[in-house]
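Novice: These protein sequence lines map, in sequence, to chains A and B.
With numbering that gives the first Met the number 0 applied, the first sequence corresponds to residues 0 to 226, in that order.
With numbering that gives the first Met the number 0 applied, the second sequence corresponds to residues 0 to 261, in that order.
Please note: incorrect hints may appear among the correct ones.
Sample of chain A residues facing chain B (criterion: CB under 10 Å; computed from the structure) [what the hints assert, rightly or not]:
| no. | residue |
| --- | --- |
| 1 | 50 |
| 2 | 55 |
| 3 | 68 |
| 4 | 72 |
| 5 | 110 |
| 6 | 111 |
| 7 | 114 |
| 8 | 147 |
| 9 | 150 |
Hints listed in this document are in silico derivations from the structure and should not be mistaken for laboratory results.
Virtual Cβ for every residue (Gly too), placed ideally from N, Cα, C.
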Amino acid sequence: MEDSSDYLLKVSNLKVELQNQIILEKVNFKIKRGTTLAIVGPNGAGKTVLFKTLLNLLPYTGKIEWAKKIKIGYVPQNISVKDIPISVKEFLSYSRNGADIEGALNAVRLNNAGIANQSLGVLSGGQLRRVLIAWAIIDKPNVLLFDEPTVGVDVGGEESIFVMLNELKKKTDITMLLITHDIHLVKEYTDELLGLNKCMTFFGDSQRIAEPLLQQKIYGEIVCSNT
Amino acid sequence: MLDTFIFSLIVGAAVGFSAGYLGSIMVLEKMALVGDAMSHVALPGLALGVLMGFNPLLGGFIFLFVSAILIWHLGRVTKLSFETLVGAAFTLALAIGILLYGDNLDALEAALFGDITKVDLTYAVIAVAVSLVVVFLTRFIYRKIVLGLISEELAISKGINVARTNLLYLLLVSVTVAIGIQVTGTLLVGFLVVTPAAAARIVSMNLSRYFVLSAIFGAISAISGIALSSSLNILPGPLVVISGVVIFVVALVVRRQKKIGS
Numbered sequence: 000m001e002d003s004s005d006y007l008l009k010v011s012n013l014k015v016e017l018q019n020q021i022i023l024e025k026v027n028f029k030i031k032r033g034t035t036l037a038i039v040g041p042n043g044a045g046k047t048v049l050f051k052t053l054l055n056l057l058p059y060t061g062k063i064e065w066a067k068k069i070k071i072g073y074v075p076q077n078i079s080v081k082d083i084p085i086s087v088k089e090f091l092s093y094s095r096n097g098a099d100i101e102g103a104l105n106a107v108r109l110n111n112a113g114i115a116n117q118s119l120g121v122l123s124g125g126q127l128r129r130v131l132i133a134w135a136i137i138d139k140p141n142v143l144l145f146d147e148p149t150v151g152v153d154v155g156g157e158e159s160i161f162v163m164l165n166e167l168k169k170k171t172d173i174t175m176l177l178i179t180h181d182i183h184l185v186k187e188y189t190d191e192l193l194g195l196n197k198c199m200t201f202f203g204d205s206q207r208i209a210e211p212l213l214q215q216k217i218y219g220e221i222v223c224s225n226t
Numbered sequence: 000m001l002d003t004f005i006f007s008l009i010v011g012a013a014v015g016f017s018a019g020y021l022g023s024i025m026v027l028e029k030m031a032l033v034g035d036a037m038s039h040v041a042l043p044g045l046a047l048g049v050l051m052g053f054n055p056l057l058g059g060f061i062f063l064f065v066s067a068i069l070i071w072h073l074g075r076v077t078k079l080s081f082e083t084l085v086g087a088a089f090t091l092a093l094a095i096g097i098l099l100y101g102d103n104l105d106a107l108e109a110a111l112f113g114d115i116t117k118v119d120l121t122y123a124v125i126a127v128a129v130s131l132v133v134v135f136l137t138r139f140i141y142r143k144i145v146l147g148l149i150s151e152e153l154a155i156s157k158g159i160n161v162a163r164t165n166l167l168y169l170l171l172v173s174v175t176v177a178i179g180i181q182v183t184g185t186l187l188v189g190f191l192v193v194t195p196a197a198a199a200r201i202v203s204m205n206l207s208r209y210f211v212l213s214a215i216f217g218a219i220s221a222i223s224g225i226a227l228s229s230s231l232n233i234l235p236g237p238l239v240v241i242s243g244v245v246i247f248v249v250a251l252v253v254r255r256q257k258k259i260g261s
């Protein structure tokens, strides 16, 4: 017997229309606590729009039901830090006053000396992504929305980000929604898969990403799915 | 005369400090010219004060305040940038201001370049009080604005109302510019918002240092400009600017030395 309180998020008949254009429609999915959901699809499929809608930043029709009393952490795809002289420590303290900055940096394996005082603008892509994860988890969220965890990270560093997220999940039982293009990492490090291409093209077990036919369905012509 | 000089120094220090502090945000927002342009919006208000016999600074302040709200509202409605809207408002205000002043050239000169001979105890007290409030409120919104600059979505996801914060910021700029006009005039008060922050930016690796230095550089520019103006008996505005530029050059040299040393 399925208990509805197991679900952290239920989305039904979600439709997002911006400037009279349908950006996303027919999106139906639900995820349980502690799940890692990978959201995949071609560029312009509406993945980031889905996140912004889940965060209530965009108008929508349909239903988005978050479980009660949850705290959401969000890491956007792009941030502009090049022209802002903000140190890692200052940035993290902006997430939550009196936060355990050292603890958060350790959790994302950024424990090399002096990193807290470095300017965000001089960090490598991988370091910046880790700082952003630290930013999101410092507030102890129940769910983390992460838009492209490995953007700007070199090829060798992509997996280490997923490994770290996986460790984090084991330690904190956090639910994660990850927008990603790293198909090869989806199978190993996520539980469920949501395919988007203006509408929902697939929702199910992430192990199925290995199926060439499914990849074709997700990245090929738009064929909406009802399940 | 000595009293006027001391009061001017106090006003200069207070306005320079708050303008430098506020300006540190403007430079981060790449809106340096907005501060400069906004100061000109006060001109019609100053002219109306002269023509209708009320305190010109009050007129300037009202014009700045209302313009800030209008610019903010138009920005939200039209999605045009602040720079575009302030650019349009400033040229219009300059044109109206000059038409209103007509042949009253002395008053126009005072409005454009400042007139510290009119600074008295009351004005000094008001300037210090307003500057303290501006610094306090700016400190309150600093984190919100910086997060909004890094990523608007990130800020909103933290419950920050970016639009409301921007409005408060514009209003704080308008208050500071209105108070600063007496010292440097409308033409040059924008400098106090921009150059000290630019100097601080090039020698700062973190935000705390950056905004503290911006404020201190602003205060030093104003104090040294006014002191020089008193001993050389020339207008303070241009000397405040020159003092600030000297600080900027020194900051450049310090940065260069640091780079060579590292």
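Novice: Hint by hint, note whether the structure agrees.
Specialist: Hints versus structure:
1. 50: holds (8 Å)
2. 55: Since the shortest Cβ distance to chain B is 9 Å, the answer is holds.
3. 68: violated (16 Å)
4. 72: Nearest chain B Cβ about 8 Å off; hint holds.
5. 110: violated (20 Å)
6. 111: Interface hint status for residue 111 of chain A: violated (17 Å vs cutoff 10 Å).
7. 114: Where the cut-off is 10 Å and the nearest Cβ of chain B is about 13 Å from residue 114 of chain A, the hint is violated.
8. 147: violated (13 Å)
9. 150: violated (13 Å)
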